[in-house]
Amino acid sequence: MSQSQSAIDQQVSQPYKYGWSTDIESELAPVGLNEDIIRLISEKKKEPEWMLEWRLKAYRHWLEMREPNWANITYPPIDYQAIHYYAAPKQTKALESLDEVDPKLLETFEKLGIPLQEQKRLTGVAVDAVFDSVSVATTFKEELKKYGVIFLPISEAIQEHPDLVKRYLGAVVPPTDNFFAALNSAVFTDGSFVYVPKGVKCPLELSTYFRINALATGQFERTLIIADDDSYVSYMEGCSAPMRDENQLHAAVVELVAHDNAQIKYSTIQNWYPGDEDGRGGIYNFVTKRGRCMGASSKISWTQVETGSAITWKYPSCILEGDNSIGEFYSVAVTNNHQQADTGTKMIHIGKNTRSTIVSKGISAGRSQNTYRGQVKIMKAAENARNYSQCDSMLIGDQCGAHTFPYIDVRNSSAIMEHEATTSKVGEDQIFYCKQRGLSEEDAVSLVVNGFCKEVFRELPMEFAVEATRLLSVSLEGSVG
Amino acid sequence: MLEVKNLHSGVEGVEILKGVDLTVKPGEVHAIMGPNGSGKSTFAQVLAGHPAYEVTGGSVTFEGKDLVEMDADERARAGIFLAFQYPVAIRGITNAYFLQSALNAVRKDQGLEELDTLDFAELLEKKLEMIGWDDSLIHRAVNDGFSGGEKKRNEILQLAVLEPKLAILDETDSGLDIDAVKEVAAAVNRFRSEDRAFIVVTHYERILNYFTPDHVHVLAGGKVVMSGDMKLALELEAKGYDWIAGEAAAVAG
Ligand SMILES: Nc1ncnc2c1ncn2[C@@H]1O[C@H](COP(=O)(O)OP(=O)(O)OP(=O)(O)O)[C@@H](O)[C@H]1O
Ligand SMILES: [Mg+2]
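From first to last, the protein sequence lines stand for chains A and B. Using our numbering, the first residue of the first sequence is number 140, and each one after it goes up by one. Using our numbering, the first residue of the second sequence is number 4, and each one after it goes up by one.
For reference, chain A alone in the conformation it holds in the complex (with noise of 0.2 Å):
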């Protein structure tokens, strides 16, 4: 294994791309969590009364809830008082348009490959780029609304759609769920909103993209997508943040809503910097990301593909509600160096012939720790339910570690249950016999790797499948291809 972990180390210690930071003067809030900075920032963003005392409620609540401990990672203690939760590029005006957004923060969304101008826009996406707590545009909203499709920044919608907002936020991960949830339900400061009316096909992939910049700050989004009868919507999230030594909590809450008939495609590619080698700085990622397959053959399919964070904490689930829903959960997790992830998903199957699909690919490199964590849950009137889990690990190097806690929890006989799983080596006769065959040891690798992670990649949207294998190869070795 000498010469490919050479290889492997060389192409690791590859700089994190997007670790550079925008010097921008942003609007700090003061440092520290309680009841008057959540009112700062439910005015910050001109929230309705209803909004904060929903924040307020989320907040008590949130004070006698305890960390969670049940997952395999460890870091030290996080200290909810040493961080700024709302940070804003300045401005001293209400923006018109596009033209009157500084030009810095454009510049940094063009250098991350999101550019927000008109003439450079990519096609066949609309944009939400967030930077910080705030907002910075979101393209293509005007055209979106031709369709009746609602895609604005969350606390746009708050004021613009305070109906649909109070009928759904909360509605998939209530603010008492679990710690981190509670958490972000009380100082959330900007996200996505989508509604797509009946019967729309929404005609543009939509995507947000987070940018964490200012130092000492949390970033807590919050995503609501609704999906009405008949509909379909695909989804894109992307994410990065500077490298810096202090480690910076990214808590999000994404709620999914899908009707009759409704379609959600939801993937991710989380790029939050991972920290250094030594395992120093990186972001930590506890996110709670969920929904609800509540009209019959509705379906939610999640796709992530998680190289970045210090540590993640992430399981994106359905709860199948409607008869004939489907939920589907496609994961690449890669970790490397000091990197810890324990991620999965949960099915849980209430209506009748409701059907879940769970993919997981888990790679560890390094000295890093990957955990699948998964639960399939068959409730005792989910008639003919079905599920297929497959969980593959795939190890580089022998200080890594790979675990899989798969759970089950059957109460309907009728129940299929199908799960597979492997743990593989990336094996020196496979990089041998590649490089027989005149591939260098980096191509190898990553012809390698790729090639395990091929039943989730196929599930991405083009536009992200490009950016998966490259990012793959830049967090593992040299070139995915």
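Errors might be hidden in some of the hints.
[Stated by the list, open to error] A few chain B residues that don't get close to chain A, going by computed Cβ distances all over 10 Å:
| id | residue |
| --- | --- |
| 1 | 16 |
| 2 | 24 |
| 3 | 28 |
| 4 | 38 |
| 5 | 99 |
| 6 | 120 |
| 7 | 125 |
| 8 | 132 |
| 9 | 135 |
| 10 | 140 |
| 11 | 149 |
| 12 | 178 |
| 13 | 189 |
| 14 | 192 |
[Stated by the list, open to error] Ranges of calculated distance between the beta carbons of each label pair, as one might list FRET restraints:
| id | chain 1 | residue 1 | chain 2 | residue 2 | range |
| --- | --- | --- | --- | --- | --- |
| 15 | B | 124 | A | 340 | 31 to 37 Å |
| 16 | B | 121 | A | 338 | 38 to 44 Å |
| 17 | B | 125 | A | 302 | 58 to 64 Å |
| 18 | A | 216 | B | 89 | 48 to 54 Å |
| 19 | B | 121 | A | 216 | 56 to 62 Å |
| 20 | B | 237 | A | 560 | 48 to 54 Å |
| 21 | B | 55 | A | 340 | 54 to 60 Å |
| 22 | A | 542 | B | 67 | 50 to 56 Å |
| 23 | B | 121 | A | 542 | 40 to 46 Å |
| 24 | B | 62 | A | 597 | 47 to 53 Å |
| 25 | A | 563 | B | 139 | 23 to 29 Å |
| 26 | B | 246 | A | 542 | 54 to 60 Å |
| 27 | B | 133 | A | 542 | 48 to 54 Å |
[What the hints assert, rightly or not] If you want the footprint, here are the derived chain B segments under chain A, 3+ residues with CB under 8 Å:
| id | region |
| --- | --- |
| 28 | 45-56 |
| 29 | 80-89 |
Rather than coming from a laboratory, the hints here were simulated on the basis of the structure. The beta carbon of each residue, even a glycine, is placed where N, CA and C say it ideally should be.
With chain A held as given, fit chain B with the ligands onto it using these hints.
Just chain B with the ligands, lined up with the frame of chain A:
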């Protein structure tokens, strides 16, 4: 083309090859036979540059270059091809993609333009036609779930695409049914040429009937103990290796 002199090699301090000599000229076919565990595969792997085997003595040159100094991928790009006794599976990567990547790596090294997917598909079709095989293996993942025979054929398909200068076939005939041996041998025969050499490791003279060697060597105990022509292969088939042991001892005096 290939010059092996007094080659010593082993794994973790255990010597397996104990002074192998072999000279291969362009256009020649050399058969290597010998009992199980005599070091045939080791010899093939050492020539291909498997990192597990350390060369502890002697020399190997290929077209004047010191092979021992070259990494496995450099050797491959220089024109050395090994058809593995036990081909390795790569999940999720189609044969077509794998072959295209490999061919392009070689072409790039030779300063040739890389082939795009369409051009490659065309080339592949021609090769398949040439060896008379269908494209059923092309879109499957490399050796993943292949039968023993399919794996062996796949190695030959790779040979056909990569057109190496020196092809080493390690028991490509083992595990093939009688008709398949004939078919595979015929395919390999198509690539026999004045400037291409073959080293064929085998236990059976059957494949050699279809693919006649210029030289036959017997490897035993990590050394070439006897060399001859096709007659030697027939003799081995009839008498087995015990006979050789006696002869070799007699030769050694
Ligand atoms: N990587 C290795 N690690 C340990 N021992 C090895 C290794 N490779 C080869 N050997 C040993 O070296 C000897 C020669 O093996 P080799 O595979 O070269 O034989 P062979 O002539 O190809 O045999 P067969 O006809 O059975 O294929 C055997 O004793 C084998 O166990
Ligand atoms: Mg052998």
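Each hint, compared with the structure:
no.	hint	result
1	16	holds, 16 Å
2	24	holds, 24 Å
3	28	holds, 23 Å
4	38	holds, 24 Å
5	99	holds, 13 Å
6	120	holds, 12 Å
7	125	holds, 20 Å
8	132	holds, 22 Å
9	135	holds, 23 Å
10	140	holds, 15 Å
11	149	holds, 13 Å
12	178	holds, 18 Å
13	189	holds, 23 Å
14	192	holds, 22 Å
15	B:124 to A:340: 31 to 37 Å	holds, 34 Å
16	B:121 to A:338: 38 to 44 Å	holds, 40 Å
17	B:125 to A:302: 58 to 64 Å	holds, 60 Å
18	A:216 to B:89: 48 to 54 Å	holds, 52 Å
19	B:121 to A:216: 56 to 62 Å	holds, 58 Å
20	B:237 to A:560: 48 to 54 Å	holds, 52 Å
21	B:55 to A:340: 54 to 60 Å	holds, 55 Å
22	A:542 to B:67: 50 to 56 Å	holds, 52 Å
23	B:121 to A:542: 40 to 46 Å	holds, 44 Å
24	B:62 to A:597: 47 to 53 Å	holds, 48 Å
25	A:563 to B:139: 23 to 29 Å	holds, 26 Å
26	B:246 to A:542: 54 to 60 Å	holds, 57 Å
27	B:133 to A:542: 48 to 54 Å	holds, 50 Å
28	45-56	holds (count 5)
29	80-89	holds (count 4)
Of the numbered hints stated above, none is contradicted by the structure.
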